[in-house]
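Visitor: The lines below spell out each chain.
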Amino acid sequence: MSMREKIEQAAAAYPDQRSAIMPALVIAQKEHGHLPGPVLEEVADILGVERIWVYELATFYTLFHTEPVGRFHLQLCDNVSCMLCGSEDLLTHLETVLKIKKGDTTADGLFTLSTVECLGACEMAPVMQVGDDYHGNLDVARLDALLDSLRAAAGRAAGIEHAPQPLPGG
Amino acid sequence: MFEPVLLKNVEVANGHLLSTYEAGGGYQALRKVLSEYTPDEVVELVKQSNLRGRGGAGFPTGMKWSFVPKGADKPKYLCCNADEGEPGTFKDRIIMERDPHQLIEALAVSGYAIGAETAYVYIRGEYVAAIRRLEQAIAEAHEKGYLGRSVLGTDFNFTVHIHCGAGAYICGEETAMLESLEGKRAQPRLKPPFPAVAGLYASPTVINNVETLACVPHIVTRGAAWFRGIGPDKSPGPKLYCVSGQVRKPGLYELPMGIPLKELVEEHAGGPLPGRKIKAVIPGGVSAPVIPEHALEVGMDFDSLSAAGSMLGSAGVIVVDDSTCMVKVATRIIEFFHHESCGKCTPCREGLNWVVKVLRRIEAGEGAPGDLEQLDMLCKGIFGNTFCALGDGAAMGLRAALKHFREEFVAHIEEGRCPFH
Numbered sequence: 001m002s003m004r005e006k007i008e009q010a011a012a013a014y015p016d017q018r019s020a021i022m023p024a025l026v027i028a029q030k031e032h033g034h035l036p037g038p039v040l041e042e043v044a045d046i047l048g049v050e051r052i053w054v055y056e057l058a059t060f061y062t063l064f065h066t067e068p069v070g071r072f073h074l075q076l077c078d079n080v081s082c083m084l085c086g087s088e089d090l091l092t093h094l095e096t097v098l099k100i101k102k103g104d105t106t107a108d109g110l111f112t113l114s115t116v117e118c119l120g121a122c123e124m125a126p127v128m129q130v131g132d133d134y135h136g137n138l139d140v141a142r143l144d145a146l147l148d149s150l151r152a153a154a155g156r157a158a159g160i161e162h163a164p165q166p167l168p169g170g
Numbered sequence: 001m002f003e004p005v006l007l008k009n010v011e012v013a014n015g016h017l018l019s020t021y022e023a024g025g026g027y028q029a030l031r032k033v034l035s036e037y038t039p040d041e042v043v044e045l046v047k048q049s050n051l052r053g054r055g056g057a058g059f060p061t062g063m064k065w066s067f068v069p070k071g072a073d074k075p076k077y078l079c080c081n082a083d084e085g086e087p088g089t090f091k092d093r094i095i096m097e098r099d100p101h102q103l104i105e106a107l108a109v110s111g112y113a114i115g116a117e118t119a120y121v122y123i124r125g126e127y128v129a130a131i132r133r134l135e136q137a138i139a140e141a142h143e144k145g146y147l148g149r150s151v152l153g154t155d156f157n158f159t160v161h162i163h164c165g166a167g168a169y170i171c172g173e174e175t176a177m178l179e180s181l182e183g184k185r186a187q188p189r190l191k192p193p194f195p196a197v198a199g200l201y202a203s204p205t206v207i208n209n210v211e212t213l214a215c216v217p218h219i220v221t222r223g224a225a226w227f228r229g230i231g232p233d234k235s236p237g238p239k240l241y242c243v244s245g246q247v248r249k250p251g252l253y254e255l256p257m258g259i260p261l262k263e264l265v266e267e268h269a270g271g272p273l274p275g276r277k278i279k280a281v282i283p284g285g286v287s288a289p290v291i292p293e294h295a296l297e298v299g300m301d302f303d304s305l306s307a308a309g310s311m312l313g314s315a316g317v318i319v320v321d322d323s324t325c326m327v328k329v330a331t332r333i334i335e336f337f338h339h340e341s342c343g344k345c346t347p348c349r350e351g352l353n354w355v356v357k358v359l360r361r362i363e364a365g366e367g368a369p370g371d372l373e374q375l376d377m378l379c380k381g382i383f384g385n386t387f388c389a390l391g392d393g394a395a396m397g398l399r400a401a402l403k404h405f406r407e408e409f410v411a412h413i414e415e416g417r418c419p420f421h
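Those protein sequence lines, which keep their order, are chains A and B.
Each residue of the first sequence is one higher than the one before, counting from 1 in the UniProt record's numbering.
Each residue of the second sequence is one higher than the one before, counting from 1 in the UniProt record's numbering.
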């Protein structure tokens with residue numbers, strides 16, 4: 001299904017197309033990774049709403065990114081429960097091993113490191129969200145294992161993308 | 001012996017599936033109300049149960065439902081507040097991930113009661129797993145006739161849509177949530193008119209939290225007297241408590257409303273970590289004023305906590321032990337409110353920015369004489385002067401920290417350093 005079709009399907013849930021802007025932005029961000037100006041304008045055109053309405057939402061809500069993020073967005077919660085359970089040390093560790101500061105992306109484009117407000121999973125603090133998944137009860141060892149698995153996943157994906165085609169008859 | 005009902009299915013294998021829910025008696029409440037009750041009788045039942053909203057404010061649910069005007073020519077809407085942004089709180093996520101049909105049945109029963117044919121569940125966008133589970137459950141419920149046109153062969157039509165939030169704490173405030181649902185920046189609306197009269201698309205709208213709604217099917221099947229028989233008269237029923245922080249057994253606990261905070265933390269959640277002592281507990285998410293260790297006998301219900309100078313809020317209980325600097329905790333809490341301020345009104349937007357700067361300076365050992373008086377003055381300027389409760393929550397939290405742990409703030413300023421580092 002194309003992005004347009006997905007957005008039109010989502011918009012059917014509302015009597016007013018303006019309500020569909022947020023669902024449309026979620027769809028567009030999944031499709032493009034982030035929301036640059038032309039994508040925002042495309043969303044506005046599909047829904048037939050004012051462009052400014054789309055811009056004002058894309059810049060208000062923290063889950064929308066108007067700038068590119070790395071392949072894996074590491075979103076470490078540092079709110080109170082996670083802070084009490086050691087998220088500060090985890091941030092220091094991530095900054096050291098990834099050689100970036102929070103808010104930055106690694107040179108290879110693999111990781112963007114952010115701290116976020118409460119993820120609503122305080123029973124497994126400290127918690128980090130990567131893509132759609134939560135990783136809880138983190139310590140340095142678990143964090144390193146997670147980074148290794150993400151690098152491996154990226155390697156596998158790259159391997160598939162660049163895998164040589166089988167020879168005819170081979 | 002207290003019997004958990006809200007969490008009955010969450011530890012069951014495949015508790016998220018319709019077959020599991022039905023096997024445990026699920027959807028019997030919906031069958032019962034559609035065959036035996038008029039909508040008004042359901043509202044009356046909920047009124048009799050004395051159910052109070054589990055989202056924070058504790059407003060009586062049946063009374064809220066009864067404010068919806070009769071015979072309005074506009075469609076009525078039911079909105080489920082599943083934004084759950086209050087730090088320390090995770091109860092609604094667990095219900096949606098592990099027992100989503102409990103919420104869907106609750107929505108259908110509640111929608112029938114208020115005369116709504118459409119419900120929107122506003123879920124915070126981070127809760128991807130919960131969103132997927134709920135989507136799957138909605139599809140299952142449609143297939144079995146619990147949702148859709150002519151629910152269970154009656155003339156009741158009911159549809160549930162999921163609306164994903166995108167990371168704004170203010171969406172937990174009901175009118176800001178409505179703005180967000182209408183595709184606008186989430187900023188609170190002036191009340192009145194209240195949502196029950198003019199809410200979503202200016203139509204009559206009821207907004208309830210996930211846990212509040214989840215109580216409704218149990219009230220239908222077990223009766224209002226059963227519900228009123230649990231916990232204190234003025235705040236009855238089973239309650240979900242989220243326990244986190246520096247405690248041995250963090251987790252979600254279903255216990256009667258009114259259980260002593262000390263019992264919850266020391267017995268159910270296992271008490272402090274080895275070698276540590278509890279210093280303080282935040283009882284209801286970070287907007288609830290902190291309670292020092294010596295006052296933990298307080299009952300976990302709306303009225304007892306209010307009398308003790310705090311509040312039940314979202315019942316997000318955060319335990320702080322004696323290794324932790326309370327200035328640091330207070331600073332982190334205010335940083336949260338500052339970050340999440342929607343920017344609509346000046347006392348919140350500018351006041352919290354100012355407070356954060358002073359607190360960061362004190363925590364860094366660069367506090368100045370007069371800083372605490374300035375913080376007191378800022379709290380006074382923010383509390384009661386903001387458009388919604390976000391600024392109030394921040395000011396109440398800071399005031400409590402300054403009251404109960406003032407000596408730690410003073411030590412930072414006098415010693416020019418954080419005594420805990």
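Hint data in this document are derived by calculation from the structure and do not stem from the laboratory.
Note that this is a predicted model, so its numbers are computed, not measured.
Don't be surprised by glycine CBs; every beta carbon is placed ideally from N, CA and C.
One or more of the hints may lead you astray.
Here are some, though not all, of the chain A residues that point toward chain B, as calculated from beta-carbon distances under 7 Å [as the list claims (entries may be wrong)]:
#1 Arg-18
#2 Tyr-55
#3 His-65
#4 Val-69
#5 Glu-88
#6 Thr-96
#7 Val-97
#8 Thr-115
#9 Glu-117
#10 Glu-123
#11 Val-130
#12 Asp-132
Some chain B residues close to chain A (C-beta under 10 Å, calculated; not the full set) [claimed, not checked]:
#13 Ser-66
#14 Lys-70
#15 Gly-71
#16 Asp-92
#17 Arg-93
#18 Ala-168
#19 Leu-181
#20 Ile-230
#21 Asp-233
#22 Cys-242
#23 Gln-246
#24 Arg-248
#25 Val-286
#26 Asp-322
#27 Cys-342
#28 Cys-345
In silico lysine-lysine, BS3-like type, Cα no more than 27 Å apart, as pairs [as the list claims (entries may be wrong)]:
#29 Lys-344(B) to Lys-357(B)
#30 Lys-144(B) to Lys-6(A)
#31 Lys-277(B) to Lys-262(B)
#32 Lys-357(B) to Lys-277(B)
#33 Lys-144(B) to Lys-191(B)
#34 Lys-380(B) to Lys-344(B)
#35 Lys-357(B) to Lys-101(A)
#36 Lys-357(B) to Lys-30(A)
#37 Lys-6(A) to Lys-277(B)
#38 Lys-102(A) to Lys-277(B)
#39 Lys-8(B) to Lys-47(B)
#40 Lys-191(B) to Lys-234(B)
Visitor: For each hint, tell me whether it holds in the structure or not.
Guide: The hints, checked one at a time:
Annotation: Arg-18(A) was flagged as interfacial toward chain B, and the flag holds, the nearest CB pair being 4 Å apart, inside 7 Å. For the restraint placing Tyr-55(A) at the interface with chain B, the shortest Cβ-Cβ distance is roughly 11 Å, beyond the 7 Å limit, so the hint is violated. Nearest Cβ of chain B to the Cβ of His-65(A): about 10 Å, over the 7 Å cut. The hint is violated. For Val-69(A), the interface hint is violated, the least distance from its beta-carbon to any beta-carbon of chain B being 14 Å, above 7 Å.
Restraint check, Glu-88(A) versus chain B: the minimum CB separation of about 10 Å is more than 7 Å; hint violated. Proximity of Thr-96(A) to chain B is violated relative to the hint, the smallest CB-CB distance being about 19 Å (cut-off 7 Å). With a least beta-carbon distance of about 24 Å to chain B, the hint placing Val-97(A) at the interface is violated under the 7 Å criterion. For Thr-115(A), the suggested interface contact is broken, since its CB lies about 10 Å from the closest CB of chain B, more than 7 Å.
A least Cβ separation of about 6 Å between Glu-117(A) and chain B falls short of the 7 Å threshold, and the interface hint therefore holds. Contact between Glu-123(A) and chain B, as hinted, is supported at the beta carbon level, the nearest pair being about 5 Å apart and thus within 7 Å. Given the 7 Å rule on beta carbons, the hint for Val-130(A) is violated: about 11 Å separates it from the nearest Cβ of chain B. The interface hint given for Asp-132(A) holds, since its Cβ lies 4 Å from the closest Cβ of chain B, which is under the 7 Å cut-off.
Violation of the interface hint for Ser-66(B) is found here, the shortest Cβ-Cβ separation to chain A being roughly 25 Å, above the 10 Å cut-off. Because the closest C-beta pair between Lys-70(B) and chain A is about 22 Å apart, greater than 10 Å, the hint is violated. For Gly-71(B), the shortest C-beta to C-beta distance to chain A is roughly 20 Å, which exceeds 10 Å, and the interface hint is violated. This hint holds: Asp-92(B) has a C-beta 8 Å from the nearest C-beta of chain A, less than the 10 Å allowed.
Given the 10 Å rule on beta carbons, the hint for Arg-93(B) holds: about 5 Å separates it from the nearest Cβ of chain A. Checking Ala-168(B) against chain A by beta carbon gives a least distance of about 5 Å; that is within 10 Å, so the hint holds. At about 6 Å, the closest approach between the beta carbon of Leu-181(B) and any beta carbon in chain A falls short of 10 Å, and the interface hint on this residue holds. Violation of the interface hint for Ile-230(B) is found here, the shortest Cβ-Cβ separation to chain A being roughly 23 Å, above the 10 Å cut-off.
Because the beta carbon of Asp-233(B) sits about 31 Å from the nearest beta carbon in chain A, more than 10 Å, this interface hint is broken. Taking 10 Å as the C-beta cut-off, the interface hint given for Cys-242(B) holds, the closest approach to chain A being about 7 Å. Proximity of Gln-246(B) to chain A holds as hinted, the smallest CB-CB distance being about 5 Å (cut-off 10 Å). A hinted interface residue such as Arg-248(B) counts as satisfied when its beta carbon comes closer than 10 Å to some beta carbon of chain A; here the least separation is about 12 Å, so the hint is violated.
A cut of 10 Å between beta carbons decides the hint on Val-286(B): the least distance to chain A is about 6 Å, and the hint holds. A least Cβ separation of about 12 Å between Asp-322(B) and chain A goes past the 10 Å threshold, and the interface hint is therefore violated. Contact between Cys-342(B) and chain A, as hinted, is supported at the beta carbon level, the nearest pair being about 8 Å apart and thus within 10 Å. For Cys-345(B), the interface hint is violated, since its Cβ never comes within 10 Å of a Cβ in chain A; the closest pair sits about 16 Å apart.
This hinted pair checks out: Lys-344(B) and Lys-357(B) have alpha carbons roughly 20 Å apart, not beyond 27 Å. For the hint linking Lys-144(B) to Lys-6(A), the alpha-carbon distance of about 26 Å falls within 27 Å, and the restraint holds. Among the hinted pairs, Lys-277(B) with Lys-262(B) is consistent with the structure: their alpha-carbon atoms are about 13 Å apart, no more than 27 Å. Using a Cα cut-off of 27 Å, the hinted pair Lys-357(B) and Lys-277(B) is violated, with the two alpha carbons roughly 30 Å apart.
Restraint check for Lys-144(B) and Lys-191(B): the C-alpha separation of about 40 Å exceeds 27 Å, so the hint is violated. Between the alpha carbons of Lys-380(B) and Lys-344(B) the distance comes to roughly 19 Å, so the proposed pair stays at or under 27 Å and holds. For the hint pairing Lys-357(B) with Lys-101(A), the CA-to-CA distance comes to about 22 Å; that is within 27 Å, so the pair holds. With a CA separation close to 36 Å, the supplied pair Lys-357(B) and Lys-30(A) exceeds the 27 Å bound.
For the hint pairing Lys-6(A) with Lys-277(B), the CA-to-CA distance comes to about 54 Å; that exceeds 27 Å, so the pair is violated. At roughly 33 Å between alpha-carbon atoms, Lys-102(A) and Lys-277(B) are farther apart than 27 Å, so this suggested pair is violated. Taken as a hint, the Lys-8(B) and Lys-47(B) pair is honoured in the structure, with Cα atoms around 24 Å apart against an allowance of 27 Å. Proximity of Lys-191(B) to Lys-234(B) is assessed by CA-CA distance (about 26 Å); at most 27 Å being required, the pair is judged to hold.
Of the numbered hints listed earlier, those contradicted by the structure are 2, 3, 4, 5, 6, 7, 8, 11, 13, 14, 15, 20, 21, 24, 26, 28, 32, 33, 36, 37 and 38.
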